[in-house]
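Student: Spelled out from the first residue to the last, the chains are:
2 protein chains.
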Amino acid sequence: MTRFMDVHHGMQGITADQLREGALAVEKEEGVHVEHAWADPESGTLYCLTEGPSAEAVQRAHERGGGSKPDEIHAVPLAM
Amino acid sequence: MTRFMDVHHGMQGITADQLREGALAVEKEEGVHVEHAWADPESGTLYCLTEGPSAEAVQRAHERGGGSKPDEIHAVPLAM
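Which chain is which? The protein sequence lines are A and B, in order. Note that the numbering used here numbers the first sequence so that position 12 is 14, with each residue one more than the last. Note that the numbering used here numbers the second sequence so that position 3 is 5, with each residue one more than the last.
A couple of the hints might just be wrong.
Claimed, not checked - The list that follows gives simulated cross-link-like pairs (lysine to aspartate or glutamate, DMTMM-like), each with its CA atoms no further than 25 Å apart:
hint, chain 1, residue 1, chain 2, residue 2
1, B, K71, A, D19
2, A, K71, B, D73
3, B, K71, A, E44
4, A, K71, B, E44
5, B, K71, A, D73
6, A, K71, B, E74
No lab work stands behind these hints: they were computed from the structure.
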């Protein structure tokens, strides 16, 4: 399993409930685990930290979960 | 204190030691606490999760710490 950070734009006005529901929907799919998510309702930026088998699996998990699709996904093998 | 996510580009080849040293340098400045940082040495993308008094303080902490300057800083009041 690899850790990924994905970034979504255009999420202006997102609420805490929507962030949690979106993360839970992604969590069910493709063997992807959502570790954390953070959002800025003002700029509409959302960051999602996951573990999953591949970037493609993280992308598909977002599509199948019915939530917003990431604009970027990067493996983040280094962490502190 | 507010939580911020900042993003750095152009960090290709960054090592785990460099990530840790950069975070420690920022940590000393401007009342900013670095909670976590993640990096992708391949694409050169670095994400840094901090708490601090303002986005400007986070920016100055990176400048004074002598590390790479963020390309973006967003407050992330929502988290899960």
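Student: Does A/K71 pair with B/E44 here, judged by a C-alpha cut-off of 25 Å?
Tutor: holds (22 Å)
Student: Hint check: B/K71 vs A/D19, CA-CA at most 25 Å. Holds or violated?
Tutor: violated (33 Å)
Student: Between A/K71 and B/E74, is the straight-line Cα distance small enough, at 25 Å or below?
Tutor: holds (20 Å)
Student: Below or equal to 25 Å on CA atoms is what counts here, so check A/K71 against B/D73.
Tutor: holds (22 Å)
Student: Between B/K71 and A/D73, does the CA-CA distance stay at or below 25 Å?
Tutor: holds (22 Å)
Student: Within a Cα-Cα threshold of 25 Å, do B/K71 and A/E44 meet the stated pairing?
Tutor: Holds. B/K71 to A/E44 sits at ~22 Å (cutoff 25 Å).
Hint 1 alone, counting from the list given before, is not met by this structure.
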